[in-house]
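Protein chains in written order, with my numbering: chain A, 1 to 144; chain B, 1 to 290.
Check before you lean on any hint, since a few could be wrong.
Pulled from the structure, derived: some chain B residues nowhere near chain A, Cβ distances all over 10 Å [to be verified]:
{"id": "1", "residue": "Ala8"}
{"id": "2", "residue": "Arg14"}
{"id": "3", "residue": "Gly92"}
{"id": "4", "residue": "Glu116"}
Derived Cβ-Cβ restraints for the label pairs, each shown as a range [to be verified]:
{"id": "5", "chain 1": "B", "residue 1": "Glu238", "chain 2": "A", "residue 2": "Met1", "range": "24 to 34 Å"}
{"id": "6", "chain 1": "B", "residue 1": "Asp27", "chain 2": "A", "residue 2": "Met45", "range": "30 to 40 Å"}
{"id": "7", "chain 1": "B", "residue 1": "Cys224", "chain 2": "A", "residue 2": "Arg100", "range": "36 to 46 Å"}
{"id": "8", "chain 1": "A", "residue 1": "Pro19", "chain 2": "B", "residue 2": "Asp10", "range": "18 to 28 Å"}
Please keep in mind that the hints were generated in silico from the structure rather than gathered at the bench. None of these values were measured; they are calculated from a predicted model. Glycine included, every Cβ here is placed at the ideal spot set by N, Cα and C.
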Amino acid sequence: MKFLCVPCDTRMELAQTRPPDRGSISLVYSCPDCGYEFAMLTNPMETQVVGSLGVEIGGESSGQAAKQESKCPFSGMVQEMSAASEVAGRTGFPWTETARRRLETVPDFVRPMAKTGIEKYAKDEGYTEVNDEILDAARRFFGM
Amino acid sequence: MKSYHDIAGDGGSRVVEQVEAQRARIDQNLAGVRHRVAIGSGKGGVGKSTLTLLLARSVARRGRRVAIFDADLNGPSQARLAGLSAAPLLPGRRGVALARDRDGVGVVSLGSVVPEGRALDFDSVEKGSSYLWRATREFTAVGELLGSVEWGRLDYLLFDLPPGAERTQQFADYLGPETAFVLVSTPAGLSRAVVSRSLAALETTSNPVLGYVENMSGYYCADCRAVKPLFPQDRQVELSLPCLGRVPFDPSLAAACDRGEAADEEADRPTLAAVHAVADRIIREVEADR
């Protein structure tokens with residue numbers, strides 16, 4: 001979608017994005033020639049449709065970028081799974097610093113899922129913390 | 001007044017740029033994969049996932065490096081079939097490490113992280129509108145996974161597709177024309193009719209379709225050591241593509257797969273022999289063409 005300042009016949013430029021508010025994001029556009037500004041306010045359905053592309057309005061590097069949602073599209077489900085696991089005493093594991101750093105090589109898209117799965121595996125194997133040893137053991141066990 | 005096409009750029013949203021970057025990341029991550037083969041059907045319940053795993057193992061036994069991507073996010077079954085239900089997503093050097101089954105076949109399946117009995121649920125800012133965006137979100141998730149896994153160097157990456165003729169076509173569009181397709185049917189007229197729709201859908205793309213496999217082509221009775229009919233043979237629905245092989249149903253093999261156990265390769269089973277013949281044919285077709 002592009003916006004045109006009709007009096008100037010000039011493309012309007014994205015000047016500002018604001019964080020989501022109950023599913024709506026606000027995008028302020030301005031005309032580089034006359035300085036006229038207007039705001040586009042998305043409805044939640046529009047926000048969701050754009051968010052389904054896995055992008056952020058204005059780009060990921062934009063400091064003011066409005067993040068439509070967590071980068072993990074399953075964060076709600078993962079939280080529910082974690083909560084269910086905590087009831088069973090499976091999560092809430094401490095992680096050593098080096099293990100935590102290794103987890104960061106997993107893209108944030110799937111990191112919460114990875115974390116939950118590793119903690120479950122560690123618990124099932126009788127570990128009381130997630131450390132390098134359990135990560136290496138799991139990798140060997142699953143042929144990685 | 002200027003029109004849309006008179007104006008360069010995308011208005012500052014950078015949406016197109018980010019989508020293109022996603023595609024570039026996927027292509028870069030799959031650069032070590034020589035051949036992509038998608039196993040589809042259009043019809044559910046034809047044994048597509050089991051056949052995909054058996055074919056992957058057969059291709060691996062022929063000295064090829066093979067992995068499976070379980071593209072059925074809503075009904076993932078490869079993790080269970082491969083005995084990797086308990087395999088968590090583990091960190092590799094720069095992404096997600098590739099889990100392997102006992103035959104060395106790499107498997108990526110959400111079935112290893114989403115428990116059975118739980119439906120895949122995407123975050124949503126508004127409930128009740130998933131019909132508008134869900135398919136797009138699923139393909140974005142497929143892309144994120146493809147771009148996150150350390151595939152390394154592979155001779156074959158097999159895609160176990162979800163059912164649905166429209167899904168088959170969408171995956172053809174998404175995976176690009178270099179991905180070859182194999183369709184799976186049963187001998188039943190209903191199944192062949194649905195597969196013929198999938199074929200018609202694929203004919204609108206430029207993807208090569210190697211042929212179809214007739215799965216559950218009779219069943220193997222271990223007592224009388226014979227293959228007997230399982231479905232009424234219905235040849236009224238013609239499939240205008242080569243039949244790559246006919247694979248009989250073997251209850252004991254199906255039970256082993258269901259438990260995530262390996263097939264007994266030493267056993268004299270017509271099902272495995274048929275799978276190996278299909279694997280040989282796929283290798284011949286794919287490697288002759290490219």
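Quick rundown of the hints versus the structure:
1. Ala8: Violated: least Cβ distance 8 Å, not greater than 10 Å.
2. Arg14: violated (4 Å)
3. Gly92: violated (6 Å)
4. Glu116: holds (13 Å)
5. Glu238(B) x Met1(A): 24 to 34 Å: violated (47 Å)
6. Asp27(B) x Met45(A): 30 to 40 Å: holds (31 Å)
7. Cys224(B) x Arg100(A): 36 to 46 Å: violated (59 Å)
8. Pro19(A) x Asp10(B): 18 to 28 Å: holds (21 Å)
This entry does not satisfy hints 1, 2, 3, 5 and 7, going by the numbered hints stated previously.
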